[in-house]
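The listed protein sequences correspond, in order, to chains A and B. Per our numbering, the first sequence runs over residues 4 to 433. Per our numbering, the second sequence runs over residues 4 to 433.
Since the hints were derived computationally from the structure, they do not count as laboratory data. Don't take every hint at face value.
It does not matter which identical chain is used: a pair holds within one copy or between any two.
[As the list claims (entries may be wrong)] Below, in silico cross-link-like pairs of lysine-lysine (DSSO-like), each with a Cα-Cα straight-line distance of 30 Å or less: (1) LYS389 x LYS119; (2) LYS88 x LYS111; (3) LYS175 x LYS418; (4) LYS384 x LYS119; (5) LYS356 x LYS111; (6) LYS190 x LYS297; (7) LYS179 x LYS280; (8) LYS303 x LYS193; (9) LYS389 x LYS111; (10) LYS256 x LYS111; (11) LYS111 x LYS424; (12) LYS303 x LYS384; (13) LYS303 x LYS179; (14) LYS111 x LYS172; (15) LYS190 x LYS303; (16) LYS119 x LYS297; (17) LYS190 x LYS389; (18) LYS193 x LYS280; (19) LYS172 x LYS356; (20) LYS88 x LYS256; (21) LYS111 x LYS384; (22) LYS280 x LYS389; (23) LYS256 x LYS418.
Given the structure is predicted, the values throughout are model-derived calculations rather than measurements.
Protein chains: 2
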Amino acid sequence: MARALVARSTFLGGDGRCSSPASQVSPFSHVRIGRPDRRQREISCTATVGTGIAPSSRIESIENDGRVYNFAAGPATLPANVVKKAQQDLYNWQGCGMSIMEMSHRGKEFLSVIQKAEADLRALLAIPDNYEVLFLQGGASTLFSAIPLNLCSPEDTADFIVTGSWGDKAYKEAQKYCKANLAWSGKATKYTSIPSSGSELKLTPGAKFVHVCANETIHGVEFKDWYPAVGEGTILVADMSSNFCSKPVDVSKFGVIYAGAQKNVGPSGVTIAIVRKDLVGGAQPTTPVMLDFKTHADNKSLYNTPPCFAIYMCGLVFEDLLHQGGLEAIARKNNDKAEILYRAIDGSDGFYKCPVEASVRSVMNVPFTMASPEMEAAFVKEAAGKGMVQLKGHRSVGGVRASIYNAMPRAGVEKLVALMKDFQARHQAK
Amino acid sequence: MARALVARSTFLGGDGRCSSPASQVSPFSHVRIGRPDRRQREISCTATVGTGIAPSSRIESIENDGRVYNFAAGPATLPANVVKKAQQDLYNWQGCGMSIMEMSHRGKEFLSVIQKAEADLRALLAIPDNYEVLFLQGGASTLFSAIPLNLCSPEDTADFIVTGSWGDKAYKEAQKYCKANLAWSGKATKYTSIPSSGSELKLTPGAKFVHVCANETIHGVEFKDWYPAVGEGTILVADMSSNFCSKPVDVSKFGVIYAGAQKNVGPSGVTIAIVRKDLVGGAQPTTPVMLDFKTHADNKSLYNTPPCFAIYMCGLVFEDLLHQGGLEAIARKNNDKAEILYRAIDGSDGFYKCPVEASVRSVMNVPFTMASPEMEAAFVKEAAGKGMVQLKGHRSVGGVRASIYNAMPRAGVEKLVALMKDFQARHQAK
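Turn these sequences into a full structure, and let the hints steer you where they fit.
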């Protein structure tokens with residue numbers, strides 16, 4: 004009985020285009036009401052508006068229905084279709100008469116959301132049954148404390164392989180809760196490499212765990228296929244915040260994988276921990292209740308009120324990743340995008356430089372430098388004016404940084420590379 | 004040069020009304036594009052849709068453009084206009100070309116959001132300058148650990164006045180970090196009262212702090228004007244999660260006020276802590292970095308990535324509360340709503356019973372019982388069918404519970420009371 008329904012908007016009183024040069028085209032995006040798979044009614048509305056935005060946000064060339072290419076490192080761009088769906092459903096989720104934000108976390112509606120999110124994540128990563136999936140608050144920064152509190156007694160040793168700023172923070176925080184040992188550090192070479200074999204590591208026999216940060220956002224170094232082999236009884240722990248769900252992972256290699264959502268899989272506010280079940284329980288007695296894996300495992304992440312909206316958004320992202328063909332397909336797309344960008348950098352005769360050792364260059368975060376900070380600033384500014392934003396490098400290292408997570412469209416990378424070539428052509432002589 | 008622009012939607016292909024009895028009217032809400040204060044263009048689109056919802060969510064009588072009256076205790080109903088505004092802006096926030104969910108937390112756009120949220124909250128509560136306002140993750144349940152960790156050394160005593168389940172949880176968690184003393188407990192009378200004078204309390208001279216839970220959601224007891232006087236050097240700490248911003252508060256009485264947002268001021272995922280500045284620093288050495296007030300005070304809540312969307316939503320709520328006239332006006336509205344409901348209960352000749360002592364009955368959470376669990380279940384079910392949902396009492400106490408936070412419209416309470424009277428008339432003889 005479905006009837007196709009299309010609404011056309013008729014405008015009374017001119018075309019509404021603002022005469023101010025500050026105006027910009029912001030077409031109202033296509034809206035679908037109701038569940039997309041049946042009985043849908045569609046209304047398309049378009050308006051040309053002036054928005055009176057402060058000058059520094061003025062964007063003169065807009066594509067993609069007003070959307071910019073957002074190269075931020077986190078929070079980061081989300082899939083446009085996911086944001087649209089969230090927008091459609093925000094006021095009245097599936098006809099329940101309330102927003103997903105307003106629902107009891109113990110009601111059947113939200114339970115269906117969190118359960119599906121978990122199920123989809125398990126499918127994406129092929130998570131074995133002997134692992135818990137926990138939706139937590141507090142960011143990876145809270146896991147820096149929680150991991151040693153849960154896995155160690157204060158006398159236990161834990162080895163840290165520090166390939167950048169985030170692994171370094173994990174190492175420092177762990178010192179409160181265990182004997183943290185620096186098994187390897189890339190600091191001397193400005194975090195441009197990753198150990199490639201166990202022989203480089205100063206691992207402690209009988210260490211409770213070995214910690215790595217799978218992808219370092221600031222320096223752009225990423226573990227590829229190699230992870231350190233750990234001894235019997237030693238757990239491999241990985242902070243995968245910034246490459247989570249960007250490629251397949253053999254979860255069974257790890258005791259704990261954790262990830263703040265706000266790089267690849269959602270907005271900020273939820274952190275996912277995948278914990279082997281035998282590692283739950285036995286936390287140090289002074290562990291805060293909210294940092295104890297057992298609290299969350301026993302209550303399926305509903306010990307207290309979870310970050311419901313963030314979990315809901317992750318669920319939409321996981322569903323979308325499955326629709327795209329899962330992580331093998333996603334990894335291919337990401338590798339293609341990264342290759343386009345790195346090829347442009349390496350082929351620029353030194354106009355753009357990436358200091359990271361080629362075999363460990365991150366597919367997610369691409370830092371590069373130019374001849375001077377002034378040149379970098381000019382490039383970043385020009386890119387922003389052309390709808391490519393957040394390219395400024397991290398404040399601790401400067402330079403330029405393009406974060407090209409799952410949701411960065413290939414077209415965004417191509418546009419960036421086109422600008423890089425054009426910018427070089429205009430500035431080469433200088 | 005602003006031109007008024009109105010679009011009318013013309014429907015091609017019938018009125019689209021679904022013939023299935025499961026259909027419901029879900030008019031698409033009024034959408035405004037651009038900043039509401041100038042150069043706005045408005046498009047109104049309406050469609051009648053069927054949404055194919057699972058039978059248990061079917062709601063047969065809808066008011067308020069599809070919106071139900073949601074009496075959940077948290078997450079809870081938000082102001083409808085706030086949810087609509089968030090929906091309008093979700094895909095493209097103020098023409099920036101990205102969602103508030105996708106922005107760098109260190110960019111000027113989000114900084115403006117968090118700064119305004121803080122400024123508006125300071126205005127609402129008249130927070131003195133010598134207090135920090137912190138936007139945290141982890142819920143009040145994390146503050147149960149953080150408060151003693153920040154305020155006490157392990158040898159210090161802290162007094163707990165336990166008027167319900169939440170105060171009890173705070174008391175139990177604190178035992179890990181200090182000498183927690185139970186200064187008063189309402190357990191013997193099933194948490195239906197609050198101490199009315201200091202003489203009832205077993206306070207410890209020299210206690211580091213005295214902890215209260217200002218409003219207990221499960222049992223419906225609320226501190227009114229009286230708070231325990233504390234000795235020189237003793238800090239008064241209050242969990243105000245469930246009545247935060249429902250009425251004016253003299254912040255200067257307290258050393259710390261904390262509140263999960265998801266009762267009165269936002270979605271779940273952010274917890275607000277108002278901390279007197281001299282109490283920042285000096286946390287126990289093993290305090291996790293994310294539980295140390297100093298971490299967040301020093302970094303204006305941006306030590307790591309905060310829960311950006313939740314903070315944004317709180318900002319919209321604070322702005323709306325100011326538009327409504329601030330907390331004096333809000334308190335009057337809340338008192339009126341509560342009075343309507345308690346009067347209906349007390350005037351029912353025992354058909355509905357509220358066990359809470361009249362002088363401490365919560366204005367936020369109204370629990371009541373009926374003749375039997377079966378009667379309660381029938382009432383809750385009938386109410387749900389009439390668009391009044393989430394009335395089931397907390398699983399630990401049963402019964403019925405109407406949470407009537409700031410955002411519950413007076414009309415919702417009136418509708419509930421009308422049903423109560425009608426239900427009684429139909430069931431009185433039984």
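Here's how the hints hold up against the structure:
Within a single copy, LYS389 and LYS119 get their C-alpha atoms only as close as 39 Å, which misses the 30 Å cut-off; across copies the closest is 29 Å, which meets it. In this homomeric assembly, LYS88 and LYS111 come within 30 Å of each other (Cα to Cα) both inside a single copy, at 21 Å, and across copies, at 26 Å. Proximity of LYS175 to LYS418 under the C-alpha cut-off of 30 Å is found in neither arrangement, the shortest distances being 40 Å within a copy and 57 Å between copies. When the C-alpha separation of LYS384 and LYS119 is checked against a cutoff of 30 Å, the pair qualifies only between copies, where the shortest distance is 26 Å, while the shortest distance within a copy is 42 Å.
Taking CA atoms no more than 30 Å apart as the test, LYS356 paired with LYS111 passes between copies only; the shortest distance there is 28 Å, against 53 Å inside one copy. With identical chains, the CA atoms of LYS190 and LYS297 are at most 30 Å apart between copies only, with a shortest distance of 28 Å across copies and 35 Å within one. Taking the shortest Cα distances, LYS179 and LYS280 sit within 30 Å of each other both inside one copy (25 Å) and across copies (25 Å). In this assembly of identical chains, the alpha carbons of LYS303 and LYS193 lie at most 30 Å apart only when taken from different copies (29 Å versus 41 Å within one copy).
Within a single copy, LYS389 and LYS111 get their C-alpha atoms only as close as 45 Å, which misses the 30 Å cut-off; across copies the closest is 18 Å, which meets it. In the homo-oligomer, the alpha carbons of LYS256 and LYS111 never lie at most 30 Å apart, since the shortest distance is 35 Å inside one protomer and 41 Å across protomers. In this assembly of identical chains, LYS111 and LYS424 lie within 30 Å of each other by CA distance solely across copies; the values are 29 Å between and 53 Å within a copy. For a Cα distance limit of 30 Å, the shortest separation of LYS303 from LYS384 across copies, 27 Å, qualifies, whereas the shortest one inside one copy, 46 Å, does not.
Proximity of LYS303 to LYS179 under the C-alpha cut-off of 30 Å is found in both arrangements, the shortest distances being 28 Å within a copy and 24 Å between copies. With identical chains, the CA atoms of LYS111 and LYS172 are at most 30 Å apart between copies only, with a shortest distance of 26 Å across copies and 39 Å within one. In the homo-oligomer, the alpha carbons of LYS190 and LYS303 lie at most 30 Å apart only across protomers (29 Å), although the nearest pairing inside one protomer, at 39 Å, exceeds that limit. Only within a single protomer do LYS119 and LYS297 lie at most 30 Å apart by alpha-carbon distance; the minimum there is 22 Å, versus 38 Å between protomers.
In this assembly of identical chains, the alpha carbons of LYS190 and LYS389 never lie at most 30 Å apart, being 36 Å within a copy and 64 Å across copies at closest. In the homo-oligomer, the alpha carbons of LYS193 and LYS280 never lie at most 30 Å apart, since the shortest distance is 37 Å inside one protomer and 38 Å across protomers. For the homomeric pair LYS172 and LYS356, the shortest alpha-carbon distance inside one copy (27 Å) is at most 30 Å, but the shortest distance between copies (55 Å) is not. Proximity of LYS88 to LYS256 under the C-alpha cut-off of 30 Å is found in neither arrangement, the shortest distances being 35 Å within a copy and 46 Å between copies.
Taking identical chains as interchangeable, the C-alpha atoms of LYS111 and LYS384 lie at most 30 Å apart only when they sit on different chains, with a minimum of 15 Å there against 48 Å within one chain. Taking CA atoms no more than 30 Å apart as the test, LYS280 paired with LYS389 passes in neither setting, with 49 Å inside one copy and 44 Å between copies. Taking CA atoms no more than 30 Å apart as the test, LYS256 paired with LYS418 passes in neither setting, with 38 Å inside one copy and 57 Å between copies.
Figure legend: structure checked against the earlier numbered hints; hints not met, in rising order: 3, 10, 17, 18, 20, 22, 23.
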